[in-house]
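For the protein sequence lines, the chains are W, Z, F, V and G, in the order given.
If you're matching positions, the first sequence starts at 0 in numbering that gives the first Met the number 0 and goes up one per residue.
If you're matching positions, the second sequence starts at 0 in numbering that gives the first Met the number 0 and goes up one per residue.
If you're matching positions, the third sequence starts at 0 in numbering that gives the first Met the number 0 and goes up one per residue.
If you're matching positions, the fourth sequence starts at 0 in numbering that gives the first Met the number 0 and goes up one per residue.
If you're matching positions, the fifth sequence starts at 0 in numbering that gives the first Met the number 0 and goes up one per residue.
Worth flagging that the hints you see were computed from the coordinates, not collected in a lab.
One or more hints might be untrue.
Where chains are identical, the list cannot tell them apart; a pair therefore holds if satisfied intra-copy or between any two copies.
[Stated by the list, open to error] With a cut-off of at most 16 Å between alpha-carbon atoms, the simulated EDC-like pairs for lysine to aspartate or glutamate come out as follows:
hint, residue 1, residue 2
1, 28, 196
2, 69, 337
3, 365, 306
4, 21, 196
5, 177, 106
6, 21, 207
7, 86, 165
8, 173, 55
9, 39, 95
Please read these numbers as outputs of a predicted model, since none were measured by experiment.
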Amino acid sequence: MKKKGFFKDPMNLLEFSRFFPKKSGKTGKPPGTVQYLGKKRIEDVTINIATYDYLEYFEKTTKDVNEIKKYINKKKMLWINVNGVHKTEIIEKIGEIFKLHPLLLEDIANVDQRPKIEYYDDLIFVIFKIFSFNETKKTLTSEQISLIIGKNFVLSFQENDKDDFDIIRNRLKKSGNKIRKLGSDYLMYTLMDYIIDSYFIVLENIGEYIEQVEQDTIFNPSIKTQNEIYSLKRELILLRKSVWPLREVLSSLQRENNKLISKEILFFLRDIYDHTIQIIDTVETFRDMLSGMLDLYLSNVSNKMNEVMKILTVIATIFIPLTFIVGIYGMNFRYMPELEIWWFYPSLWGVMVGVALLMFFAFKKKGWV
Amino acid sequence: MKKKGFFKDPMNLLEFSRFFPKKSGKTGKPPGTVQYLGKKRIEDVTINIATYDYLEYFEKTTKDVNEIKKYINKKKMLWINVNGVHKTEIIEKIGEIFKLHPLLLEDIANVDQRPKIEYYDDLIFVIFKIFSFNETKKTLTSEQISLIIGKNFVLSFQENDKDDFDIIRNRLKKSGNKIRKLGSDYLMYTLMDYIIDSYFIVLENIGEYIEQVEQDTIFNPSIKTQNEIYSLKRELILLRKSVWPLREVLSSLQRENNKLISKEILFFLRDIYDHTIQIIDTVETFRDMLSGMLDLYLSNVSNKMNEVMKILTVIATIFIPLTFIVGIYGMNFRYMPELEIWWFYPSLWGVMVGVALLMFFAFKKKGWV
Amino acid sequence: MKKKGFFKDPMNLLEFSRFFPKKSGKTGKPPGTVQYLGKKRIEDVTINIATYDYLEYFEKTTKDVNEIKKYINKKKMLWINVNGVHKTEIIEKIGEIFKLHPLLLEDIANVDQRPKIEYYDDLIFVIFKIFSFNETKKTLTSEQISLIIGKNFVLSFQENDKDDFDIIRNRLKKSGNKIRKLGSDYLMYTLMDYIIDSYFIVLENIGEYIEQVEQDTIFNPSIKTQNEIYSLKRELILLRKSVWPLREVLSSLQRENNKLISKEILFFLRDIYDHTIQIIDTVETFRDMLSGMLDLYLSNVSNKMNEVMKILTVIATIFIPLTFIVGIYGMNFRYMPELEIWWFYPSLWGVMVGVALLMFFAFKKKGWV
Amino acid sequence: MKKKGFFKDPMNLLEFSRFFPKKSGKTGKPPGTVQYLGKKRIEDVTINIATYDYLEYFEKTTKDVNEIKKYINKKKMLWINVNGVHKTEIIEKIGEIFKLHPLLLEDIANVDQRPKIEYYDDLIFVIFKIFSFNETKKTLTSEQISLIIGKNFVLSFQENDKDDFDIIRNRLKKSGNKIRKLGSDYLMYTLMDYIIDSYFIVLENIGEYIEQVEQDTIFNPSIKTQNEIYSLKRELILLRKSVWPLREVLSSLQRENNKLISKEILFFLRDIYDHTIQIIDTVETFRDMLSGMLDLYLSNVSNKMNEVMKILTVIATIFIPLTFIVGIYGMNFRYMPELEIWWFYPSLWGVMVGVALLMFFAFKKKGWV
Amino acid sequence: MKKKGFFKDPMNLLEFSRFFPKKSGKTGKPPGTVQYLGKKRIEDVTINIATYDYLEYFEKTTKDVNEIKKYINKKKMLWINVNGVHKTEIIEKIGEIFKLHPLLLEDIANVDQRPKIEYYDDLIFVIFKIFSFNETKKTLTSEQISLIIGKNFVLSFQENDKDDFDIIRNRLKKSGNKIRKLGSDYLMYTLMDYIIDSYFIVLENIGEYIEQVEQDTIFNPSIKTQNEIYSLKRELILLRKSVWPLREVLSSLQRENNKLISKEILFFLRDIYDHTIQIIDTVETFRDMLSGMLDLYLSNVSNKMNEVMKILTVIATIFIPLTFIVGIYGMNFRYMPELEIWWFYPSLWGVMVGVALLMFFAFKKKGWV
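Based on the sequences and whatever the hints tell you, model everything.
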């Protein structure tokens, strides 16, 4: 049997590996081994260093991790953003500079993590996922973002070299801004708010696609529709795996009475906590709707089959008896008196038309025609 | 393939956007930006100002937000009702007058919120949804209502210019009324009670429509029925998203020992808390029933197919063998002794009628005819 | 298309209104408005007054609510039982005599309540539902019972004029009975025990009906069976809505350290709490079984269709080729040598019988015949 | 329509009454009425009395309940085992001797109880179910076991006259045994351990039966298989109703700091608590597997139907056009030039064989043949 | 009916016994009886003894359990690893040496345990399962690992003679390693980390297999696919039963303030706790996806049936009327004027081709051809 080709481009099914963590390369290694486990990457890792207080702002992009040391200054806020975690020596070096726990470094490099929050003595460590929806392939791609918040510094690690935080750096540049007045907790909040807002865009994209698929399900159901529903369900499983833990992270941040989080920031955290609930709500709504759409699709397939059966039955039921009748007078018996009667043939036509009409109206009454 | 036109008016499917929040216009903006994200509106925003104590009642409708200041008076209750949140400068001005937190103002303008409650130092902030069921299009429309309760004032914001609270203002006008004796907490309760009562009307409307669809499912199942069930399920998903948080809001109001809520009002809040539970119960009951109706519909489709198959089988099974028999004596062999026997033709008729009757009774016994 | 008449008596589907509360007549009225919202009733409301202590018992039935005042006596237990809540003036009068909260009176008259318990300063207010199963129509009817327990009085309100509590009054009459020795809490327990026992009877009735439907599903599945399963599921949704809150009510009564409940009674309440759990268990079991029965029914429909298809296929597959063969020798070609051979016709019979037998045995092997 | 006889022995469906409590005989009776509600029984009730301490062991079987009094002795352990609860006067007599609460006696006689634990001042009262799986009828039978644990006595009541605890008495007889050294709590534990172990045997029996049904579902699906799956699901509903409460009972025994339970016994109770979790796990696993098996069965039915349809389609599609062709040359037109051509008949054979082969290979390519 | 042979090798279905505990051989035996209940094994049991401190490391493999005593030394860490639990006398001997509770020994030998943790006075006792996925038979095999952690010793018991912990012994050999510096808690953590990492490998194997089955479901659905989905669901039930308790075990280890666990180790335990959550997440994701795949498979079966029906209907609908037409002119009436007209036969051909084309285009428009 040849491939049915239900999907034009079967490529979007080959990314099944997004659904499970891949640690086989790591088993048996001692804990705390910093090892990159994601897709192979060869790009250079760039480091953005931003240091600021209410009066001044300074920014630099470098590839040399050792430059960081120069900017450590207890009086100013320091934000290090690292684009790329596939060069583990850079992560290890940063770990050394800021005295980070080896398990924390391991988690940064391992990009198959689930969103989570961990409290160390004088640090908060958060892992988030950021998603983008590929409009053509209709698949989600995720990127892992790790944040480390200390007394007067924030470290952020992104999986790829596309810098997501430019917009925030621009806001930082403008003096007199709230973000320049407040500490590392407000910078953390700003980054989180940005990350969580990005989910709304993904949800809008998916929502618009679901709308399209729903139209197809109702007006034009085909095998393509079925595969689209299946594929959407699959992507939502992926999304869902990342959004539920978001809620735990933010709820923990609010409850935990951490000294790094000032009271004023709690209001803002409550706000993004509400956003995560809204995101979860929407994901669950989408899942619910897709289930409904699958039911509708299957019901439509049944209805179509029913329609096909009815046509077959109407045709067969009308013509099979008529064919029998004409068969009778095709017999070659010598003694068939009807054959000799001149009005028998036209009358037979009358009978046959009558039978056909009778059946037709019977079917009409049953609503089959 | 042309559109099947399952719905007469496909318009009611175009409102899919009700199912997810649309924030893409906002991403990247700093938190606390007051921005309207709902449907485009051009109506003027009107402001109802009501100020009263046990002895006096005064009411005014204006379009000038600055008039509010004149009526602030610590000794009297003040109720400001704003019809329309699409002019954000009005919200910002009110925020300035009453010293409201910027995140709170942001939430008022963003009409894609989930119902929620927030406690500020000397304020309670509540967001509700009010629904109406369009009897023709069989769809729900929601409007967001925000309430801010302070020591001696209540602010209410409605999404559209249709004033929902006229009936309560009328009650306020009558002197000697309970509502005139008690403070802002009782006014808040009255507004909430009104909002929650409106759900019962929506539920009655939906209930009556479900009853109608149920009748169709049982006595007259068609593709229209299936689409109605699907569409009802869809609307209930929307409703459900808003009623579950209602319960949290009211349960929080009762538990939280807020100084703005006097003990006497707690009894009343318990009463509307009970109402929200009843609403949730009913929504869940409706969902349960619709699932049952879908099962019933599908079962009916199967039964119909079965019926169609039986008719086809009965007709085909009776006539196919007979057609074979008459086919035999239509053969042109020179040596077919039966053809010469004069009683063979009438006997054949006998045989054929016999076979047909036999089969008919066999099917009768199987219950197919 | 004409009505298929799946139900002989479609009346039992017209009671859909049992599934949602009907408050539309009430919206906009101030809270605390006592208004009857149930079925229209014209019967008179009768009031049973019973007053007793360990030594004496006195009972009276009246229609005049003012008579109650005469029997208020701090030293004796007083039990007022009101049959009918559609005359709200009676409820209001009683509320006045016993100084009841207006919201409580509102709840008594509104018979669409969910079972609940409320604690007032020196009162306990409980709402229950009592069910009866109509054996003919196979539907449930519910009646709302409200109980108010005070220091030395119990007030009970029944929705209709059928007095459910006769049996308890008879027990009261007998002196030396436990019920005469103990206070209002034991009377409350006795009434609750009676109400909850009535659920077991309803469950037995439904259980016996389910058994019957199960037999039909297995031995005699038809569209009637399907509708019975659907209708049973529907009734269980109704029942379930009332039994889950029962558990909350009784669990609250046990936990709450209310001064009206003496320690001795707690043992008895634990007993009826266990009963409610058993009731819930049984309702859930019934639901589970009905789901299983629906699956079984659908599977049987599939099996039947399969059987029909097999017969059609067997007949068609045997005769269609034979009809083709006889068709060949019905052709009128001048040069068909077979037609002239005398043994060809009998041999053809042999061939045809052979083909038919061969096919028959092939189907036999496949298990289709 | 005659009975289809899906089950050879329909008897095992008549025990539906196992699924709901039957209390109708009791409604309206005052609480504390000791009444037997199980199957009618006429056997005598026998009483095993065992009294022991570390040095001595004495055992007696009697039918006279008054003999118990002779063996009450504060210094020795006393174990009374009653086989049969249908003679309520015996239960009432024992209640009198040991001063048991009337509700407790009521629960012993009412064999439709759910497993539960209750703490009285100086007693623990436990109700368990013991199951046995009838290998022939494939149904479960349950028996209710009630245990009362006091300071130095244990009372056990069994529903039928089959003595389940012989094996434990034998262990008691042997001196130097742990059970002889320790108090009533260890005897209670031993009895519970015995009861819970009996569940594992039932699970093994059911497991082996499920394995058999699974084999049938895969290799030999028939209506019998479907009914077996349904019937197994039904029995598991029954089992499940009894095993979930077991867990609550044992968890409560561990948490509750009851003075009758010594600290040493807690270790043992944790052990049987683990067993109940394993039992629940297994029951849920079985349910999961049966759902999967039902899906598989239905999928197999669909596949079979598909196979049937394919054969019908292949045969009909090949022969219907051929029959049409031979029909053409059976027409009796005077002017049909083909009929006169000598090579037309053999060529027609060629054409027909060609068409048939073409179709056959088309179907082969589609994978239908 | 012969076996359909859906599975090439039906062997992988015979291991149903993995799904329930088998304790029937044990019922009635007193608690604390050490009895092996797993598969029959005849291999010798080997014992690895490792004793080390920061400076020295010594290792020995023996079959004589009495050798253990020689190495007990309060100053050094001792790790005993026992390969095989089927010789209960060895377990009992070790129990004697380390004074272990009899119930603990019973649990080690009973390899049908659920993962669990138990705290004894100066011991922690943990049971884990380790899985391996057989790539050929596509089934999971589990092995039970018991760990006992004392002040300065760790005992580990493996079910079979394949030594899983070689890799850790190699790490121990290297001096200067973290594992050599820290106590029994870190060794415990290392073993647990190793065990939990092994789950990721199993998940990768299963994930790759699911990917393959998904491809089949979409491009090449057959009965084999259905059986693979069923079989995968079955294996995931098994896996799930073991991974959920893992989480409880690790969460308990973190919460419980056990003196054997130093504060530093808690960070590491949190890390593997996160891993167990990820494992659970993945197992649940797999289950979700398999449900979706089953739906897709069934939908594909329906679609195929639909396609088959359409072909049958098209062929039958086109040819049945044509066959009727040719039947008419095969009749032998003497007075059929058409038969005599020379242009009637060719015109009939025209009519028939016309009818066929008309129908063909009607079907084309319906999208059936």
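At most 16 Å between C-alpha atoms: does residue 39 with residue 95 qualify within a copy, between copies, both, or neither?
neither (25 Å within a copy, 54 Å between copies)
Check residue 69 against residue 337 for me: Cα-Cα at most 16 Å, and say if that holds within a copy, between copies, both or neither.
This pair counts as neither: shortest intra-copy Cα distance 116 Å, inter-copy 104 Å.
Are the CA atoms of residue 177 and residue 106 at most 16 Å apart within a copy, between copies, both, or neither?
The answer is neither: 32 Å in one copy and 19 Å across copies each exceed 16 Å.
Which holds for residue 28 with residue 196 at a C-alpha limit of 16 Å: within a copy, between copies, both or neither?
Answer is between: at 10 Å across copies they meet the 16 Å cutoff, but 38 Å inside does not.
Since the copies are identical, ignore which copy is meant and state whether residue 86 and residue 165 lie within 16 Å (CA to CA) inside a copy, between copies, both or neither.
For residue 86 and residue 165, neither the intra-copy (22 Å) nor the inter-copy (31 Å) Cα distance is at most 16 Å.
Could you figure out if residue 365 and residue 306 sit no more than 16 Å apart (CA to CA) within one copy, between two copies, both or neither?
Both: 13 Å inside a copy, 11 Å across copies.
Alpha-carbon proximity between residue 21 and residue 196, which holds within one copy, between copies, both or neither at 16 Å
between (28 Å within a copy, 10 Å between copies)
Taking 16 Å as the upper bound on the Cα-Cα distance, should residue 173 and residue 55 be classified as within, between, both, or neither?
within (10 Å within a copy, 52 Å between copies)
Within, between, both or neither: how does the pair residue 21, residue 207 come out at a Cα-Cα threshold of 16 Å?
between (32 Å within a copy, 11 Å between copies)
In this structure, the earlier hints numbered 2, 5, 7, 9 are contradicted, and the remaining ones agree with it.
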